[in-house]
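Residue numbers (full-length UniProt numbering), protein chains in the order written: chain A, 1 to 331; chain B, 1 to 516.
Honestly, the hints are just simulated from the structure, not real lab data. Only a predicted model underlies this, so the values are computations on that prediction, with no experimental measurement involved. Treat the hints with care, as some may be off.
Said to hold, decoys possible - Simulated DEER-style distance windows between Cβ atoms: (1) Asp149(B) with Asp78(A): 37 to 45 Å; (2) Ala307(A) with Gln424(B): 46 to 54 Å; (3) Phe130(A) with Asp337(B): 44 to 52 Å; (4) Lys31(B) with Leu300(A): 54 to 62 Å; (5) Val114(A) with Ser241(B): 55 to 63 Å; (6) Thr158(A) with Arg369(B): 49 to 57 Å; (7) Asp259(B) with Glu197(A): 50 to 58 Å; (8) Asn33(A) with Gln371(B): 37 to 45 Å; (9) Lys145(B) with Thr284(A): 58 to 66 Å.
To be verified - Derived DSS-like pairs (lysine-lysine); straight-line CA-CA distance at most 30 Å: (10) Lys170(B) with Lys31(B); (11) Lys396(B) with Lys442(B); (12) Lys396(B) with Lys3(A); (13) Lys155(B) with Lys58(B); (14) Lys292(A) with Lys280(A); (15) Lys145(B) with Lys170(B); (16) Lys145(B) with Lys3(A); (17) Lys325(B) with Lys348(B); (18) Lys442(B) with Lys31(B); (19) Lys396(B) with Lys109(A); (20) Lys155(B) with Lys145(B); (21) Lys31(B) with Lys145(B); (22) Lys145(B) with Lys194(B); (23) Lys348(B) with Lys313(A); (24) Lys194(B) with Lys155(B); (25) Lys280(A) with Lys139(A); (26) Lys107(A) with Lys348(B); (27) Lys145(B) with Lys313(A).
Claimed, not checked - Residues from chain A that keep clear of chain B, each with C-beta distances beyond 10 Å, as calculated: (28) Glu23; (29) Gly157; (30) Gly203; (31) Leu246; (32) Gly299; (33) Arg318.
All C-beta atoms, glycine included, are put in the ideal place defined by N, C-alpha and C.
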Amino acid sequence: MKKNLGIFGLLTFVCVLTALFSEGFLSDFNIENLIRRTALFGIISIGVALVIITAGIDLSIGSVVCLVGCLVPWLLVDQGWGVPLTLLVILLVSLGIGLLHGLLITKLKLQPFVVTLCGLLIYRGVTRGFLDDQTTGFKGQFDGLRQIALGVIPLPGTEIGIPVPCLILLVVAIGAAVFLNLTIYGRYLLALGRNEEAARYSGINTDRMIILAYVLCSLLAGLGGLLFVCDVGSAQPVDFGNFYELYAIAAAVLGGCSLRGGEGSILGVILGTAVMRVLKNSITMIDQIPNKIEFAVIGLVILGGVAVDELLKRYAARRRVIVQARADTVP
Amino acid sequence: MSTIDAPAALALPLLEVRGVTKHYSGVCALKDVDLDIRAGEVHAVIGENGAGKSTLMKILAGVQLPDSGGVFLHGEPAVIDSVHTALELGISMIHQELNLADNLNVGANIFLGREPHRRVFIDFASINRQSQEYLDLISLDVSPKTVVDQLTIGKQQMVEIAKALSATAKILIMDEPTSSLTQHEAEQLFAVIKQLRDQHVAIIYISHRLGEVSELADRVTVLRDGEIAGTLQRNEIDHDSMVQLMVGRDISQFYAREDHDIGAPLLEVTNLRTTTFPQHALQFSVAAGEIVGLAGLVGAGRTEVLCALFGVTPANSLEIKVAGKPIAITNPRDAIDAGLALVPEDRKQQGLFLDMSIRQNIGTPGLARHQRRFGFLNTTREREDSAQMSEEMHIKSTDDQQQAQYLSGGNQQKVVLGKWLAMQPRVLLLDEPTRGVDIGAKQEIYRLMEELAEQGVAILFVSSEMEEVLSMSDRVLVMHEGQITGQLARDQLTEEAVMQLATGSSPRVPATVPAN
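Please work from the sequences and hints to get the whole structure.
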């Protein structure tokens, strides 16, 4: 909890600042949209957080989002498949991708960065080739399915409502938090992320846990792809999901995951995602900031956040040494 | 000087060590050591594990400074305060673990950090030409342009020697140079060493292979417990006289163990072939309530045995029975399920999650066994185990939420022991259980080993501390280069008998083995 205070402070700071400089930020429409986008990105960020906790990385998320996002309307509209069959196929595709990554990383001992970088290239290339760069879309059909992204559950007595993706995120987040903190598997992930050798010596099947993390990450990326395409209505293979892996990794890191492994909280990851979305939103909303420098602003804020966090940690460590030394000198 | 004939010049010490003493955190590693090294001699320095050889060599090579005493070169006092200074003074050390950049070629390694250059550009022609001269000097038939990782370990070692010579070494320290060489490679190395000696280089040769020491050394200095036990001249050097000097300490005050009953064989191992020494099939057993010491010198293959039994590095072949029941061990989980536990050699890397709490460290191996439905953590059990072990082990900490990294070495080791004892193992494997542990914690670990044995646990422990082996073991298995060279029952157990077996010579006490 304490660890998440910093990122929560950063989120509040960015929100207040944006609200002061822009009229539209606090409008119902904007808030609802912001929450929806945060929820969508939150889901894929939680996935990559699980992988980062094992001291790994997944760079293929954006391409998995693209593959699934393009596949869904293509199967439903162009091929005329039913919804259950389509969902089954994308479930198997994302599961297969995660399994492949996990096996290559644990059994063939390839580096996660390399494996998933190749994934990033391959899945996008395959999608583009397969669909011949043609946009796929729902063409006004399947409004029922699209409610999983577009739907809003109205709060009685108010004008606003809760976007459905927000509920999905809630389920995923609670599931992930329970998994990570209350089950032995979550503990195994945290332990092997800190010291894989000691985990192995403790009888933990580290390979199996690492594969599980990559499978969960790809499954959540697949779920993300489904939700993103339902949100937008169509997907273009060239740029659908571009850079999403980097947004997800940035959110996880902002939220307190260490790329060295063994550290991370789900709440932190969601707050990190929210910071990313609000930043992007505020650059659009505040006229004084030109849109062109969007990446620069986001980059600087993340760098600043991570640097301050590191400095605070060092300060805390030094305090602890001093306290310890004092305790030692007192007989 | 020119009027002195060669033999007399050689008799003058090139390097003198006078009264060197060194302490490490209160423990005396070297005590008032005198040593002199002459040009053109191979001077072997031998001793048991922990006798002080490494410390002495670190002082000569500039890695460490002595607390008191000093070093003289050509009769002049020399302060060797860094490796760089040592090199400038002509002292080069070749470590057991080779220090070559194996992605670079031979020439680049020989001149690493001292590259001949023109302005900012490396003078490759000059590197190749000069490297070739040094390679010729030791008759090594390798091109300076060969990348090091293409060479055998033996040839890499020769490249290290060429590198040392290129730094104009007058004194060459070699630490266990043959430990990873084949017989043939070792013989080539000996030829080069003899050749260097004839060129008036002084060679300090650290080894625990007494056979090669007898063959090579002009003089042998034996260290024991940080002191010089004696120096043997060429004509006095033989296996027995070296062992005589290495042993001979009083252990009666070390730890008094009570006699206790030993039960039926609990751990029975046959046909164990480790991946490191697949040529030797090992066979042994440990009975319930028995404490068996696994003795031997560093590199004898003891850790490999424990790691194979625990499934960390699964053996090439292994037939193992626990309480008469054959089991298959392919990973640590199998071993744990069969009732085995391993306290590993490297506490910080293999034993602990340093930035996790004491409680989580103790809880980890039992998580699967005590899990609730759907894999939920049994935090109650974890808390109870942690509380019980903290109390039984006398782990000194603020509370069990304290991170393991802030504990002393002794308390860290108790956490590792605790995490395994919470699993109530039937067979306990301990690898150097008291390394880096203070005296108080040592005594507690010994007491614990006794208690566990009394409860019927079979204990197999590896130790490089002779006192520990002699005073704790009911029986000792001695290993030498991957082989069990003998067993010693408690009444046959002497330091000398262990050292004879550990150095690969046949024991003078009849090592009658109780039939398993």
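Of the hints stated earlier, which fail here? Structure breaks hints 1, 7, 16, 17, 19, 21, 27 and 30.
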